[in-house]
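Chain by chain, the residues run as shown.
2 protein chains.
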Amino acid sequence: MSSSTAKIVKLDLKEPFVLKKGEVLEEIEMAYHSFGNLNQNKDNVILVCHALTMDSQCCNIEDKESDDGWWSFMIGPNRPIDTNNFHIICVNVLGGCKGSTGPLSINPKNNEPFGRNFPQVTINDMVRTQNLLLEQLGIHHLHAVIGGSLGGMQALEWSVAFPDKLDKCIAIATGGRLSTQGLAFDIVGRQCILNDSDWQEENKQNDNQFTGLALARMIGHITYISKKMMDEKFGRKLQKGWKESGFNTAFAIESFLKYQSEKFIKRFDTNSYLFLTKAMDSYDLASDYDSLAESLTRVKCKFLIISMSSDWLFPPEDSIDLAWTLSKQDKEATYANITTNLGHDAFLIDDKEVAPMKNIVEAFLG
Amino acid sequence: MSSSTAKIVKLDLKEPFVLKKGEVLEEIEMAYHSFGNLNQNKDNVILVCHALTMDSQCCNIEDKESDDGWWSFMIGPNRPIDTNNFHIICVNVLGGCKGSTGPLSINPKNNEPFGRNFPQVTINDMVRTQNLLLEQLGIHHLHAVIGGSLGGMQALEWSVAFPDKLDKCIAIATGGRLSTQGLAFDIVGRQCILNDSDWQEENKQNDNQFTGLALARMIGHITYISKKMMDEKFGRKLQKGWKESGFNTAFAIESFLKYQSEKFIKRFDTNSYLFLTKAMDSYDLASDYDSLAESLTRVKCKFLIISMSSDWLFPPEDSIDLAWTLSKQDKEATYANITTNLGHDAFLIDDKEVAPMKNIVEAFLG
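Quick note, the sequences are listed as chains C and Z, same order.
Residue numbers for the first sequence, in the working numbering: 1 to 366.
Residue numbers for the second sequence, in the working numbering: 367 to 732.
This is chain C alone, in the form it adopts within the complex:
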């Protein structure tokens, strides 16, 4: 498996970038991947927005045998997001830890990494910096913006922040805001990190793989898969080779959660996790307006809203609410519910249950 390196572009900021919450960043670098050729009119661009802990490498078409890239089954030659027709751009979000400016970056004021002193970013900031990057690349209009979960929030924010800049918006397994229950899980996850004594003792980012982050990830992971899938896949099975020891059980689900979270903390920055979950929690599509309906009056693009039937983090009702509100504003909105037991993360899985999503996205992109 080979992975390609992200391109890094420093934004030509004429003045410091003012974040939504008021703080400024004097320098911003954006890491991105692109696939497929940009046509002469520069009107075949699709911006792919990644979810909470992903990166800009959404696929890897240079290596045809490779499944590298978190959405490789969706993007590539003759795939639903077809790189033979479209120029795909995927940007690591502002505040992330995969090449774009974030807590791991050096603060030009003191030449030390920002760490936890990075300013709080919002979905709006992510989208505005993506736009600055695109402008710098000479791309002034998007055929579509597509994303799932936190990426879906970015896609939605594009539609209200830059209504004239995109033709189509595809928002998958997402909503205009997180439910209270979703907030609650993120809140406890952050408290797990804040109460990690190793994290407390650090002033900056570092190489430690924090247990607090592992705990937060375990909580998150439970919300990414459905209750039924957990029952079917793990049930009360015991993990081979594991023994019950003290307060640790031998349940396969315990082994799974520990394995996944240990893998996760090797690839993700703790402070980035704090900032990005907080950005997700604070996002409210309606917040700058009086209501969701009011917010959506300004949009101009066509929408495709897709939910996963067993998603309990962003349940289908959230998507229905969004599609319904758009329709009542006489906006063009298509809604599809994918019947699957795979839960929230279904949109990331190349499973036959999820196959209808491929066809719908392909048809909608035209």
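Just so you know, nobody snuck in bad clues.
Under the rule of at most 27 Å between Cα atoms (straight-line distance), these lysine-lysine pairs were calculated in the DSS-like manner:
hint, chain 1, residue 1, chain 2, residue 2
1, C, LYS227, Z, LYS594
2, C, LYS352, C, LYS237
3, C, LYS228, Z, LYS594
4, Z, LYS694, Z, LYS668
5, Z, LYS593, Z, LYS629
6, Z, LYS603, Z, LYS629
7, C, LYS233, Z, LYS593
8, Z, LYS624, C, LYS21
9, C, LYS237, Z, LYS387
The hints are simulated quantities; they were obtained by calculation from the structure and are not laboratory data.
With chain C held as given, fit chain Z onto it using these hints.
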């Protein structure tokens, strides 16, 4: 509000008590409360089994103005579990921290508190020690055993462990086993404690109020209330007087979870929480037999199975499965689903939505 002191009885053990998992306890004390008069035939006894973090004080009829006791709206004179007719006994579970032998008790072998070295107890151990206490009190038969959640598991275990000893079993908001998702939440909760550096440094129980326990409780609390109730009660409201600070939000749900968990760690022992959640997780009504059906062939009492419609920790399907399996074994089982948005903990709340539970329990007890 006055609360009455639990009676403490030392069990007359002729030999050390052998726990289900093989370890032994040489001495066992049981803390219990009783209400209402025991009749001459000693056949009017109802055993009330408490949930994970409760105690033996299920009501407080000495003080008529008091709502003290965790089920005071259910138990008392002219209440659904009527102390004018029945003699109510409620026992703190083995492994608990409210008077019965548990991690806070002194280990006779070294005269130090057991702490984390207490042996792992099971639901079966809880039930067998309750039986020993009752025998010692001269009570050889129960009119009914009733409980919710972990208390419901005890009620079910009574029906299979001592099929000849009870006439009626009432199991509320419970199941024959916890779902995989339920296991997962308990697993992460325990990991929060195991990774608390303060807890790690202690060899025994102590007075510290562990942050790890607060985190575990927050996770638990999310599962005790329904998604809809969270949305309606808290939504995305901000807490008055709270300011967003660093990675802490001002969401009312954050304030609520922190307040509840801080209150909790003042009243509960961390090691007890570890042992009791593990007892809950390892419980499987079918485990000593080939299947749930096989397990239930031996029961003789009548059953009342009650679920809360919005309970997602022990969803109605678990209760339906139980009632259906009983019916197929030609056992007498009544099933009722209480329509409420209050979630798992609804059975502990004196709300008009839950009022039907009162009538059904009262009628079933006769």
